[in-house]
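In order, the protein sequences belong to chains G and D. Numbering follows the working numbering, with no gaps: position 291 of the first sequence is 291. Numbering follows the working numbering, with no gaps: position 206 of the second sequence is 206.
Errors might be hidden in some of the hints.
What the hints assert, rightly or not - In silico negatives: residues of chain D with every beta carbon more than 12 Å from chain G:
#, residue
1, S14
2, L16
3, L31
4, F52
5, F56
6, F124
7, I129
8, G152
9, L156
10, A240
As the list claims (entries may be wrong) - If you want a taste of the chain D side facing chain G, the calculated C-beta under 7 Å gives, among others:
#, residue
11, S34
12, F121
13, L142
14, V146
15, L150
16, V164
17, F167
18, F288
19, S330
20, I331
Just so you know, these hints were derived from the structure itself, not from any lab. The model shown is predicted, which means the values in this text are computed figures rather than measured ones. Where a beta carbon is used, it is the ideal one built from N, C-alpha and C, also for glycine.
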Amino acid sequence: MNGAQLLSSAFVVTWLSASLRLAGPVLLAALGETFAEQSGVLNVGIEGTILLGALASFLASYYTGMIWVSLLVAVLVGIVANIFLAWMYVTVRASQVVAGLVFNVLALGIASTIYRRAMGNSAVPESIAMFHPLHIRFLSDIPLIGPAIFGQTILFYLTLLLAFVAHFILYRTNFGLALRASGENPAAADSAGVSVYRMRYAGTLISGAAAGMAGGYLVLAQVGLFRESIVSGQGFIALGIVIFGRWNPLKAAVAAIVFGACDALQLSLQIFGTHVPPQLLLALPYVVTILAISGLFGGKAVQPAALMSPYAKD
Amino acid sequence: MTRLFERRLTPLDSPLAIFTTTTTAFLAAMLVTSFLFLSYGASPFQAYFALFHEPFATLRGFGYALVRASPLALIALGTIVSWRSGFMYLGFEGSFVIGAAATGWLALLTAPGSRVGPLPFFLFLPLAISLAFAAAGIWAGLVGLVRARLGGNEVLISLMSNYVAIFILQYLVSGPMRAPGSLPETPLFPRATWLPFILHGTRAHAGILIAIIAAGLVWMLLQKMPLGYEMIVTGFNPFAARYAGIDVGRRLVLAAFFAGGLGGLAGMVEVLGAQHRLMDGISGGVGFVGIIVALLARLNPLAVIPTAFLYGGMSVGADAMQRRASIPSSITFILESLAVLFVLAFDALRYYKVNLSVLWRRSPPPVAEQVSK
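Only chain D is shown next, with the shape it has when bound in the complex:
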């Protein structure tokens, strides 16, 4: 007979259904987080106003939101490329740091008075992009190689590689690249290597443009190019892929290389656009929040940009909230991760069909329904 909730064989995957479940999940996460605000004696409405007003309604906050969104978007894109190819890379903290370190080395090499001397920006930028992408790409590609050749578990190896990369950076900024002074950090990069600021009166820099271009390229790769198609097939079913003549191992290594490279670009954008020097603790969890952004964007490269902007904005708003209302900014970690957990849980709902007609029709349904149990 017809039930109110009927189980479907496959989940409803229309864009509307996906958008609805994602939005509902996010609202549910906001609802749960409201109780946390209440425990601080703050009205949830005022708290959310504070959280969203600064980044989305003030120019200065908007600029900062773009600054925070750029690395998040690039890491999310890396997540998409690797995860859709069936390579669960989780080493973005590490590839971020490696990309940042490579960029830092190049930027300090071109400082006035050093061995190479200043480079024009139109030469420096492509060089920095290639170097950051290649260095972090090879770093991650090694994990891909281990998985493809030796069958090692990429989830754990990439998680471990994060710590190794972070210690490498710690060594660099407290040893060979350290600036004279008390803090373990490099000297400030020469002004000529900074990414240009794009919005007058804010700190917003050209990194967001790099992220948008990257999103377009990733979309092209996955949707329009044979290589991307092969990578996705590898992700869906490596046995079918091998049967179809796709070199699965090589696709995995390539996916790892792209993922690491995009993570490295995130590091480059952060140091050339925002920090302008290398220091310990530069990644600060961005590698994991970037993965969360990708998940909330449902591994869709075009949805990454608005999602990264939302999460970047929330972290800016959280800092403002902590300054003004002394509510710890760590609450946003709770909001951000709950949203994704609820998305995972609410996805189960797409397996059900709702027959609202049951509610007002009393008579038993026609005999044809006997097929379903």
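Looking at chain G on its own, in the form it has when it is part of the complex:
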């Protein structure tokens, strides 16, 4: 094997591995968001929820050192934050984009205030306990794809499993049917005995739980510390992935991996030292998401018909 081949195979391994690693949190957030959107709620507030989840899991891991407990704390914080959002979306019937967007600013304020309160003004980031990549005997030793596909953290496999679970719940259960009906035709769902309010609360809270967990994922399996810019639009990208995935959890998984591949390209190319300006590569995942949701590839027709329109029963 000559040098160029070695380099290119090493490149493929790191690229593939990083693609899957980076796809995880956005996929998790996108899965939750799928439930919210299928129920008729565009939850733009997941960006802020991810940030709150990230902070919660960081602090929990810092003080307790128990990673699974920290992940649970992140999920709970996500749910609690989204009770408020669901109340705004469903009960108050505020504009969903406005409420979600302003909530993101609120979450930024809360997160940075609490972080400074807890950590003081020390500039040195504290390190915390984290999830480690698995090593599965034989599978992880397969050349090239082994370490990439079978050497992720347990959270990645959990997220993939959740994609199948989400698909099953949405398309194979009564709950999923009622949820989708609430987003497609709330008046008809209502007259068929479905509580549209309850479904939309459920959808929003599920998206909150998933977004909180995605924040925990970011901190506990990827970054290992907290900073205010840790989310940097990944919640918005998750919204894009929901569209790109046509509101379907399994397609969203594919879309998330495509996004991860764009994001990872910059990491891997930097390691191997190219002359492409890093900002060009950093912008790539955002550009790809814009193109994916621009409507160039269709998609308007499969959007839940009552998305973004508050439902008033009277």
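With the hints as your guide, set chain D onto chain G.
For chain D alone, kept in the frame of chain G given last:
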């Protein structure tokens, strides 16, 4: 029968009712934030005194409040134009950055010794305004075009475009436009391109005048001109607008162009008035706070100026508070966003009519009330 709270069919939309709910919401947000101050062991009264004293009772702070208010007001005006036309543009961080970058390029082009050389200010300013407006307007107009032609979701696309613009600026200041030195930033703009300072002894610059003029123009556009009327109709009901012969797609693209242009002016005002150079992270969330200002001003272009001044002042006061009492300035983010969330929640109150008479009248109301259930 008559109840204490009776539901109305349409919200009460008299200016007094709107002003009352907005003010109540803001006071409620202040009340909630008080508990945060208490957790720092600070008296809320002293904290609010610190927050409002610096910007509104000292000349220096007043000047800084005007500096912060100018871009906020321009972004809020952009929000108003686009949102009232039914185009939910959220890309103001991006259009701010694009406007700033275009201005920076022009300002450095006119530096002494460069290819063009110095321009007189009365020539430079209109050129800078047109360039910043056009560059950022086209940037946002593309999003409008995608929405009008392809039906893409402008909310998400404009949010994504923010990050792309920020990376473009990062590339410019760390590559082609970088000044020699360790920091990724451009050289200082020539003194001749700076906006004049308007208040002796402060940093207040002419940007606030640009914002006030823009507010007047936006008010004229939306209230007095057929074009603005058509844009508002498009926002209210695109189907009715199309039926009335309005080219809805073209209005959307135009709304996007104006919104981006105003965001670009905000960037121009910031770099020519306050920073005097381009650097990474120049927008720092102003694109979102500007939207919040517009919401608190109830999408009214004339109310934008005092609201932007209030929010600009609060951010100045927050910095002073952080310096003196070491209370993190991020608390103002909480106050600012809570105010708008409470406005949204309190708006539900305008759907109710309060019959205070119920409280002291015991006898059952007359039969005529049977109509209401």
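Hint by hint, here is what the structure shows:
Distance check on S14 (chain D): its Cβ is at least 21 Å (rounded) from any Cβ of chain G, clearing the 12 Å threshold; non-interface status holds. The beta carbon of L16 (chain D) sits about 22 Å from the closest Cβ of chain G, which is more than 12 Å, so the claim that it is off the interface holds. Against chain G, the non-interface label of L31 (chain D) holds: every CB pair exceeds 12 Å, the least being about 16 Å. Against chain G, the non-interface label of F52 (chain D) holds: every CB pair exceeds 12 Å, the least being about 18 Å.
At roughly 22 Å from the closest C-beta of chain G, the C-beta of F56 (chain D) stays outside 12 Å, upholding its exclusion from the interface. With a closest Cβ-Cβ approach of about 29 Å to chain G, F124 (chain D) is found to remain outside the 12 Å limit, as its non-interface label requires. With 12 Å as the threshold on Cβ separation, the claim that I129 (chain D) sits away from chain G holds: the shortest Cβ distance comes to roughly 28 Å. Taking the minimum C-beta to C-beta distance to chain G, about 4 Å, the non-interface status of G152 (chain D) is violated against the 12 Å cut.
For L156 (chain D), the condition that its CB be more than 12 Å from all CB atoms of chain G is violated, with the nearest at approximately 5 Å. Distance check for A240 (chain D) against chain G: the nearest CB is about 17 Å away, which clears 12 Å, and the non-interface claim stands. The interface hint given for S34 (chain D) is violated, since its Cβ lies 14 Å from the closest Cβ of chain G, which is over the 7 Å cut-off. Violation of the interface hint for F121 (chain D) is found here, the shortest Cβ-Cβ separation to chain G being roughly 33 Å, above the 7 Å cut-off.
With its C-beta approaching chain G no nearer than about 10 Å, L142 (chain D) sits outside the 7 Å limit, and its interface hint is violated. Here the hint on V146 (chain D) is kept, as its CB sits about 5 Å from the closest CB of chain G, short of 7 Å. Hint status for L150 (chain D): holds, given a least beta-carbon distance of 3 Å to chain G, under 7 Å. The beta carbon of V164 (chain D) comes within 5 Å of a beta carbon in chain G, closer than 7 Å, and the hint placing it at the interface holds.
Nearest Cβ of chain G to the Cβ of F167 (chain D): about 4 Å, under the 7 Å cut. The hint holds. Because the beta carbon of F288 (chain D) sits about 6 Å from the nearest beta carbon in chain G, less than 7 Å, this interface hint is met. A distance limit of 7 Å between C-beta atoms decides the matter here; for S330 (chain D) the minimum to chain G is near 4 Å, and the interface restraint holds. With its C-beta approaching chain G no nearer than about 6 Å, I331 (chain D) sits inside the 7 Å limit, and its interface hint holds.
Hint compliance for this structure: hints 8, 9, 11, 12 and 13 are broken, all remaining hints hold.
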